[in-house]
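Visitor: Each chain is listed here by its residues.
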Amino acid sequence: MDYIKKQLPNSLMKTGGIMLVFGVIILILSFVFTPERAFFDYLWIYLFMLSIGVGSLALVALEYLVGATWSTPFRRITEIFASATPLLIILAIPLFFGLHDLFHWTHTDAVQNDPVLLSKSSYLNVEFFTARTIFCLLLWTMFYFLIARNSEKQDVDGNPVYTKKNITLSTIFTPLFVISITIAAIDFAMSLEPHWYSTIFGVYYFSGTVIAALAATTYASVKLKEGGYLDSALGNDSFYSLGTLIFAFNIFWAYIAFSQFLLIWYADMPEETFWMINRWDGSWKFVSIALLFFHFIIPFLLQIDRSSKTNFKSLKIISIWMLAAHALDLYWLIFPTLFKGNAGFGWQELSFPLIVVGLIMVIFKVSAEKKNLMAVKDPKMQAGLDFHL
Amino acid sequence: MFGKILKKLDEKLLKSEPRTGKLFAVAALFDKPDDIIHAAEKVTERGYKNYDVLTPYPLHGMDGAMKLKPSKIGWVAFIAGISGTTLAFLMMWWMSGIDYKIIFGGKPYFNLPPSIPIMFELTVLISAIVLVNSLILIYMKLPANANPLMDTEFIKRVTSDKFGIYIQADDPKFNVDEVRGLFQSLGSSSVSNINEAEYEKGDSKNPLLSLKFMGVVAGTCVVTVLVSYFVLQVLLFMPPFSWMHEQPKLLPQGKSNFFKDNWSMRRPVEGTVARGFIPYEFKGMPDSMVVPTPNPLPVTKKVLEVGKKRFDTYCSPCHGYFGKGDSRLRGQFPAPPSLHTEKVRNWKDANIYHVITNGQNVMPSYESSISRDDRWAIIHYIRVLQRSQNAPDSDLESK
Numbered sequence: 271m272d273y274i275k276k277q278l279p280n281s282l283m284k285t286g287g288i289m290l291v292f293g294v295i296i297l298i299l300s301f302v303f304t305p306e307r308a309f310f311d312y313l314w315i316y317l318f319m320l321s322i323g324v325g326s327l328a329l330v331a332l333e334y335l336v337g338a339t340w341s342t343p344f345r346r347i348t349e350i351f352a353s354a355t356p357l358l359i360i361l362a363i364p365l366f367f368g369l370h371d372l373f374h375w376t377h378t379d380a381v382q383n384d385p386v387l388l389s390k391s392s393y394l395n396v397e398f399f400t401a402r403t404i405f406c407l408l409l410w411t412m413f414y415f416l417i418a419r420n421s422e423k424q425d426v427d428g429n430p431v432y433t434k435k436n437i438t439l440s441t442i443f444t445p446l447f448v449i450s451i452t453i454a455a456i457d458f459a460m461s462l463e464p465h466w467y468s469t470i471f472g473v474y475y476f477s478g479t480v481i482a483a484l485a486a487t488t489y490a491s492v493k494l495k496e497g498g499y500l501d502s503a504l505g506n507d508s509f510y511s512l513g514t515l516i517f518a519f520n521i522f523w524a525y526i527a528f529s530q531f532l533l534i535w536y537a538d539m540p541e542e543t544f545w546m547i548n549r550w551d552g553s554w555k556f557v558s559i560a561l562l563f564f565h566f567i568i569p570f571l572l573q574i575d576r577s578s579k580t581n582f583k584s585l586k587i588i589s590i591w592m593l594a595a596h597a598l599d600l601y602w603l604i605f606p607t608l609f610k611g612n613a614g615f616g617w618q619e620l621s622f623p624l625i626v627v628g629l630i631m632v633i634f635k636v637s638a639e640k641k642n643l644m645a646v647k648d649p650k651m652q653a654g655l656d657f658h659l
Numbered sequence: 053m054f055g056k057i058l059k060k061l062d063e064k065l066l067k068s069e070p071r072t073g074k075l076f077a078v079a080a081l082f083d084k085p086d087d088i089i090h091a092a093e094k095v096t097e098r099g100y101k102n103y104d105v106l107t108p109y110p111l112h113g114m115d116g117a118m119k120l121k122p123s124k125i126g127w128v129a130f131i132a133g134i135s136g137t138t139l140a141f142l143m144m145w146w147m148s149g150i151d152y153k154i155i156f157g158g159k160p161y162f163n164l165p166p167s168i169p170i171m172f173e174l175t176v177l178i179s180a181i182v183l184v185n186s187l188i189l190i191y192m193k194l195p196a197n198a199n200p201l202m203d204t205e206f207i208k209r210v211t212s213d214k215f216g217i218y219i220q221a222d223d224p225k226f227n228v229d230e231v232r233g234l235f236q237s238l239g240s241s242s243v244s245n246i247n248e249a250e251y252e253k254g255d256s257k258n259p260l261l262s263l264k265f266m267g268v269v270a271g272t273c274v275v276t277v278l279v280s281y282f283v284l285q286v287l288l289f290m291p292p293f294s295w296m297h298e299q300p301k302l303l304p305q306g307k308s309n310f311f312k313d314n315w316s317m318r319r320p321v322e323g324t325v326a327r328g329f330i331p332y333e334f335k336g337m338p339d340s341m342v343v344p345t346p347n348p349l350p351v352t353k354k355v356l357e358v359g360k361k362r363f364d365t366y367c368s369p370c371h372g373y374f375g376k377g378d379s380r381l382r383g384q385f386p387a388p389p390s391l392h393t394e395k396v397r398n399w400k401d402a403n404i405y406h407v408i409t410n411g412q413n414v415m416p417s418y419e420s421s422i423s424r425d426d427r428w429a430i431i432h433y434i435r436v437l438q439r440s441q442n443a444p445d446s447d448l449e450s451k
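Residue numbers (my numbering), protein chains in the order written: chain A, 271 to 659; chain B, 53 to 451.
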C-alpha cells in the first residue's frame, strides 16, 4: 500500500458552495411565490439526501455483515457519503412546517369525514409521525457515528477488534435499518396519497436508495482514483464489483417496481389503481415511460457487457445516469400528488439539482478533510487491493 | 464403510481400459491455489497456447495469469435470452390474442403486463439451456462423446481437492519431456501423460456416430411420439373409453357450432339475474342496517322437514342438534352461544337469515352452500326448536 493522504481541491468547496447558495435562493423564492410547491421540492431534496446518506450507511453495514473484501478499498468513501446522515436531522426541521401542505392526512377536519383516513388515523397522525421520524433519524445517526468511529480509529493502530465491533454493530443495525427505511418510505412518500397503500413500497424505496448510494460511491471512487487520491495498487478489477452491484440492484429495482405494478393492474381495484392512473394522466404518461427506460432498460443494456464495468469512463457515465434516474424515480413518487393531470417542471424545481449536487460536494469536502480516503489499516484492505477477476 | 463400497463400485464400473490412442496431453496437479496461479503464469510466459487449468472452485486472478480475454460465452447467453424473451412474447400474443381469446377481468385479450413474467421465465430458461448445452458441446468436443480427460485420475482430483493444469499435445511448442520437466520444476505433486482412447475424435468407431446408436435414438423418438399420439388422440376416443367422454352437453370453454360465435359459454340475457344467483342486498352490512323481510315460506310439514335436514347437516356440528350450543367439535372450533336466548328468540327471521348469509364474527357465511329457500326453511325449524324449549303455558291448553 502506498496511500498518502492528499487534501481534496478547494474548488470542490467553492463550486459546491456556489451551487448550494443559488439553489437555496431559488428555494426561498419559491417559498415566497409558491409555498406549497416549494415544500414538495424540499421533500424531493430531502428524500434524495436520505437515499445517499442512509443508503451509504446500509452499504457500509452490508460490507461488514457479509465480510466482503473487494469493497474495503471503497468503504471510507461510502462512509463519507454516509456522513450526510446526521445532517438529515437538521434538514428535517423545515419539513415539519410544511406538513399541512404536503400531507393531506394532517387535516383533521378532512380526516373526520373520511372513513378510510379515520381508520388509518391511529398511525397517520402528527404526533406519531413526529415520533417515528425522530426514532429513525436518531437510529441512523447513532449507528453512523458508532460504525464510522470504529472504522476511523482503526486507521491509527489497525486493531482487528474494531472490525469485530463493527460486525456486531452491523448485525444489530441491519434489521433495524429494514424497519426504519420502510417507515421512512411509508411516512415521507407513500402517505402523500394517504388513501393508497402498497405493501411492497418500503422495498421499492430501499432498492432505489441502494442504487443511489452505490452510484455515488462509484462516481467518487473513479474520480478520486483518476485524480490519484487513492492507492496505486487499486486496480480496475475492484471497480468491476461496484458496477456489477449497480447492475444487480437495478434489476432488483425493476423486479420490485414491476411486482408492485402487476398486482395492482391485475386486481384492478379502484382504491389501488388510482395511484397508477395519476401517473398515467396527461404528460405523466411520458414521465412513467421515461422512468422505465431511463431507470431500467437503457442502463441494463449499457451495463450488460463486462468491459463497461471496468472501464472508468463508462462507470462514470452509468453512475451519474443512475443518480439522475433515482432523482426521476423520486420525482415520479412525490409530484403526482401536487401536479394532478400533468407533470410540471419549472424554475422552482431547479433548486433540486443545485442544492443536492452542491450539498453533496460540500459535505464530501468537509467530511473528508480530517479523514483518510481509504481505511488504511483495515485487515481486509490488502485482500481488497489484491482482488482480481 | 459407505465410502469404501462406493470406491469398490467405482473401480468396478468406471475402470477404463488402459488408453492406447495417441498422446492427448501432459497434465500436472498442484496442491495450493497460489501454486497453480504461478504455474499458469509460467506456462503462458513460455508461449504455450493449447492448455487449460481446472480447479475445484473459481480462482480470482486466474484470468490475468492465463491472459484470458473476456469469454464470449456471455454473448451466447445474451442472444439465447433475447430469443427466449421474443419467443415468450409471441407465444403469449398468439395464444391469448389470436388462438384462444377469453375475456378476463374485463381486460383486453392480449395484455403485456401478465406476459412479462412469462417472458422473464423463458429468457432465463432458454439462456440456461443453451448455455449448458453449448458448454457440453465445447467440453465434450462433439461429435466425440467424451473429453479424453474423463475417467482419469487427474480429473477426479481436480473436481475434489487439487488444482490441475494440462498442455495439449497439439500445441505447436509441445515436447513431452520439456513439458514434464517444466511441471516438475514448478513443484507439481504429480505429472501424468493422458492418452486418447482409440475410438475418439472422428474415428468410425465413435459410438455416437455408429449406425446402431443412431438407430436406437431415432427409433426411440419415433416410438415415443407414435405411442403418445395413439394414447391421447386415438385410444381415448375408442369405446369403452369414449363412453364417458361422449355426453350430450357442452363443456365450459368448449366449442359449439350451434351458436354464431362458436362459443359454448353464453352470457346471461341483459338485465336478467340467473335463478339462484339473486344477490343478497344486505351483504356485508352491519345487523342494524338490515330491513326485515318476512319469511317467504309457509310453515308446512314439508318445509319443516327440509329445514330439519339442512339444520342437522350444516348447523348442528357447532350449534348442536337442539341449538343449545353443545358443539360436537370437541373444542376444535369455538362453541357458539345457545339459539334459545332471549335475543335470538326475539330476533326477526330476517336477522337469522342475515347471520346465515353473512356469517357473524367467527361463524362463516353459508351463502354459497345453502340455497335461499333452504335458509328460510332452516329458520322455520329453528323457531320450532325454540318453541320446544320455551313453550308458553298456553301451548298446554287443548284447542
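Hint data in this document are derived by calculation from the structure and do not stem from the laboratory.
It is possible that part of the hints are untrue.
As the list claims (entries may be wrong) - Just the calculated beta-carbon pair ranges, DEER-fashion:
hint : chain 1 : residue 1 : chain 2 : residue 2 : range
1    : B       : Tyr152    : A       : Phe544    : 52 to 62 Å
2    : B       : Ile154    : A       : Leu369    : 45 to 55 Å
3    : A       : Asn506    : B       : Gly267    : 27 to 37 Å
4    : A       : Leu388    : B       : Asp151    : 44 to 54 Å
5    : B       : Glu333    : A       : Phe544    : 21 to 31 Å
6    : B       : Gln299    : A       : Thr469    : 29 to 39 Å
7    : A       : His465    : B       : Pro122    : 45 to 55 Å
8    : B       : Met143    : A       : Met546    : 40 to 50 Å
9    : A       : Ser502    : B       : Arg98     : 51 to 61 Å
10   : B       : Glu333    : A       : Phe556    : 19 to 29 Å
11   : B       : Lys264    : A       : Val336    : 29 to 39 Å
Remember, predicted model here, so these are calculated numbers, not experimental data.
Don't be surprised by glycine CBs; every beta carbon is placed ideally from N, CA and C.
Visitor: Now tell me if each hint is right for this structure.
Guide: Status of each hint after checking the structure:
1. B/Tyr152 with A/Phe544: 52 to 62 Å: violated (32 Å)
2. B/Ile154 with A/Leu369: 45 to 55 Å: 48 Å Cβ-Cβ, so the 45 to 55 Å window holds.
3. A/Asn506 with B/Gly267: 27 to 37 Å: violated (55 Å)
4. A/Leu388 with B/Asp151: 44 to 54 Å: holds (50 Å)
5. B/Glu333 with A/Phe544: 21 to 31 Å: The hint (21 to 31 Å, Cβ to Cβ) holds, given that B/Glu333 and A/Phe544 are roughly 27 Å apart.
6. B/Gln299 with A/Thr469: 29 to 39 Å: violated (46 Å)
7. A/His465 with B/Pro122: 45 to 55 Å: Taking Cβ atoms as reference, A/His465 and B/Pro122 lie about 51 Å apart, which means the hint holds.
8. B/Met143 with A/Met546: 40 to 50 Å: Violated - the Cβ-Cβ distance for B/Met143 and A/Met546, about 27 Å, lies outside 40 to 50 Å.
9. A/Ser502 with B/Arg98: 51 to 61 Å: violated (30 Å)
10. B/Glu333 with A/Phe556: 19 to 29 Å: violated (45 Å)
11. B/Lys264 with A/Val336: 29 to 39 Å: Cβ of B/Lys264 to Cβ of A/Val336: about 54 Å, so the range 29 to 39 Å is violated.
Figure legend: structure checked against the earlier numbered hints; hints not met, in rising order: 1, 3, 6, 8, 9, 10, 11.
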